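K.L.:
Listed below are the residues making up each chain.
Protein chains: 2
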Amino acid sequence: MGGMGMTKPKPSKIDKYLIEMKDMTDLMVDLAYSAVLFNNYKIAEEVFAFEERMDKLQTEVERLALKSAVQDGNVEKAFVIIKLSEIFERIGDSALDIADVVLREILPHPVVKQTIEDSDTTIMRTKISGNSILVGKTLKRLELAGETGMWIIAIKRGKKWVFGPDGKNMLKPGDIVFARGPPDGTKHFHMIARGKARSLL
Amino acid sequence: MGGMGMTKPKPSKIDKYLIEMKDMTDLMVDLAYSAVLFNNYKIAEEVFAFEERMDKLQTEVERLALKSAVQDGNVEKAFVIIKLSEIFERIGDSALDIADVVLREILPHPVVKQTIEDSDTTIMRTKISGNSILVGKTLKRLELAGETGMWIIAIKRGKKWVFGPDGKNMLKPGDIVFARGPPDGTKHFHMIARGKARSLL
Numbered sequence: 631m632g633g634m635g636m637t638k639p640k641p642s643k644i645d646k647y648l649i650e651m652k653d654m655t656d657l658m659v660d661l662a663y664s665a666v667l668f669n670n671y672k673i674a675e676e677v678f679a680f681e682e683r684m685d686k687l688q689t690e691v692e693r694l695a696l697k698s699a700v701q702d703g704n705v706e707k708a709f710v711i712i713k714l715s716e717i718f719e720r721i722g723d724s725a726l727d728i729a730d731v732v733l734r735e736i737l738p739h740p741v742v743k744q745t746i747e748d749s750d751t752t753i754m755r756t757k758i759s760g761n762s763i764l765v766g767k768t769l770k771r772l773e774l775a776g777e778t779g780m781w782i783i784a785i786k787r788g789k790k791w792v793f794g795p796d797g798k799n800m801l802k803p804g805d806i807v808f809a810r811g812p813p814d815g816t817k818h819f820h821m822i823a824r825g826k827a828r829s830l831l
Numbered sequence: 631m632g633g634m635g636m637t638k639p640k641p642s643k644i645d646k647y648l649i650e651m652k653d654m655t656d657l658m659v660d661l662a663y664s665a666v667l668f669n670n671y672k673i674a675e676e677v678f679a680f681e682e683r684m685d686k687l688q689t690e691v692e693r694l695a696l697k698s699a700v701q702d703g704n705v706e707k708a709f710v711i712i713k714l715s716e717i718f719e720r721i722g723d724s725a726l727d728i729a730d731v732v733l734r735e736i737l738p739h740p741v742v743k744q745t746i747e748d749s750d751t752t753i754m755r756t757k758i759s760g761n762s763i764l765v766g767k768t769l770k771r772l773e774l775a776g777e778t779g780m781w782i783i784a785i786k787r788g789k790k791w792v793f794g795p796d797g798k799n800m801l802k803p804g805d806i807v808f809a810r811g812p813p814d815g816t817k818h819f820h821m822i823a824r825g826k827a828r829s830l831l
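Going line by line, the protein sequences match chains A and B.
Each residue of the first sequence is one higher than the one before, counting from 631 in this note's numbering.
Each residue of the second sequence is one higher than the one before, counting from 631 in this note's numbering.
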């Protein structure tokens, strides 16, 4: 993209933490919307489970930014880093507020559900059948997002949950999968999960 | 999903406004990240162009929520609606803060770009060639997101911009397209846009 031929700088500790913060906020917002959509307390609680890690990351990033400013005298650079970590922290807080709607049982009508269901990006829940082509392959090998437009944001296996699964995770029969994507992608993904469609495409 | 057989209630004015707010916050955050990634002032400015509409929607939603509470006496329902509109407004504000990083030219180093580039969801920029299979079809017909995993968040045509294009929009040769999706989906989308891949799949 754009500046071809430029070698990418090796990510520093600050970069890595900021990337983790961004990915975490994306996941927190998605999980919060799923919690509302499926009125699922467990997911809502899990959004809060990210709060501590988020706070830790923000503190660490701020400390590292200040350290680097003292070392190289680059105040602007440190300012941008601190600013960005603040923004991520605030988006994370918004996700907590959404999840709170579920935990406080203040959902007496379908307006919030509908808002999320009818959005340009929706969240679906489906069960993996034994004969689904998704069974027994790692998510990396499946490249689901690239092939179907749907991202898996959480997997429920029996009483256990995997939030924000990575490429190494593998789907098993009976898994309940929460995925995010365009409304037009949900139907086909359901068919794949249920073993009724034999191709990702 | 879940409660089959239930007929969906017809969306009210409040539902529609909340859905617009959610879609707008999603778009604002995506555009803000693109603005940083491509150091693009025009996109950063456009994020701010949503601010007014966002504020108007929030005011209107709050007014309608209060009205409905007075009419049906359902305080909890009105509370959830007001709460949700506040959360969307706050996520929108976070997007403004991200865009502000670009507008204030406080980008002296690659850390912010890298954070967005290396995230689980990335944003790409590509140009549509005359021989691309994307040319001359509506986005609805293409079903890009479902087929390739990439969402188009903005199109630049000459000096004009289309932000958050809908299904009726059509791609033309020379269009600069900003799309969002999984990092593994960007390469193929580039090939399609450049006319080097002749299938969406």
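These aren't lab readings, by the way, just hints derived from the structure by calculation.
Some hints could be false.
Chain copies aren't distinguished; within one or between two, either way the pair holds.
What the hints assert, rightly or not - Think about it this way: if two alpha-carbon atoms lie no more than 16 Å apart in a straight line, the pair counts; the simulated EDC-like pairs of lysine to aspartate or glutamate are:
#1 K798 - D750
#2 K817 - D748
#3 K686 - E777
#4 K817 - E777
#5 K643 - E676
#6 K817 - D727
#7 K743 - E650
#8 K826 - D653
#9 K713 - D727
#10 K743 - D653
#11 K707 - D645
#12 K686 - E719
#13 K646 - D748
#14 K790 - D723
#15 K707 - D730
This one's a predicted model, so the numbers in the text were calculated from it and none came from an experiment.
K.L.:
Next step is simple, just say for each hint if it's right about the structure.
P.N.:
Results for each hint:
With identical chains, the CA atoms of K798 and D750 are at most 16 Å apart between copies only, with a shortest distance of 14 Å across copies and 29 Å within one. In this homomeric assembly, K817 and D748 come within 16 Å of each other (Cα to Cα) only inside a single copy, at 14 Å, whereas the closest approach across copies is 30 Å. Taking identical chains as interchangeable, the C-alpha atoms of K686 and E777 are never at most 16 Å apart, the minima being 35 Å within one chain and 38 Å between chains. Taking the closest pair of Cα atoms, K817 and E777 come within 16 Å of each other both inside a single copy (14 Å) and across two copies (13 Å).
Taking identical chains as interchangeable, the C-alpha atoms of K643 and E676 are never at most 16 Å apart, the minima being 26 Å within one chain and 32 Å between chains. Taking CA atoms no more than 16 Å apart as the test, K817 paired with D727 passes in neither setting, with 30 Å inside one copy and 36 Å between copies. Taking the closest pair of Cα atoms, K743 and E650 come within 16 Å of each other only across two copies (14 Å); inside a single copy the shortest separation is 28 Å, beyond that limit. For the homomeric pair K826 and D653, neither the shortest alpha-carbon distance inside one copy (32 Å) nor that between copies (31 Å) is at most 16 Å.
In the homo-oligomer, the alpha carbons of K713 and D727 lie at most 16 Å apart only across protomers (9 Å), although the nearest pairing inside one protomer, at 21 Å, exceeds that limit. Taking the closest pair of Cα atoms, K743 and D653 come within 16 Å of each other only across two copies (14 Å); inside a single copy the shortest separation is 24 Å, beyond that limit. For the identical chains of this complex, K707 and D645 are intra-copy neighbours only, at 12 Å inside a copy versus 42 Å across copies, given an alpha-carbon limit of 16 Å. When the C-alpha separation of K686 and E719 is checked against a cutoff of 16 Å, the pair qualifies only within one copy, where the shortest distance is 10 Å, while the shortest distance between copies is 26 Å.
Taking CA atoms no more than 16 Å apart as the test, K646 paired with D748 passes between copies only; the shortest distance there is 9 Å, against 34 Å inside one copy. Taking the closest pair of Cα atoms, K790 and D723 never come within 16 Å of each other, the shortest separation being 25 Å inside a single copy and 35 Å across copies. For the homomeric pair K707 and D730, the shortest alpha-carbon distance between copies (15 Å) is at most 16 Å, but the shortest distance inside one copy (35 Å) is not.
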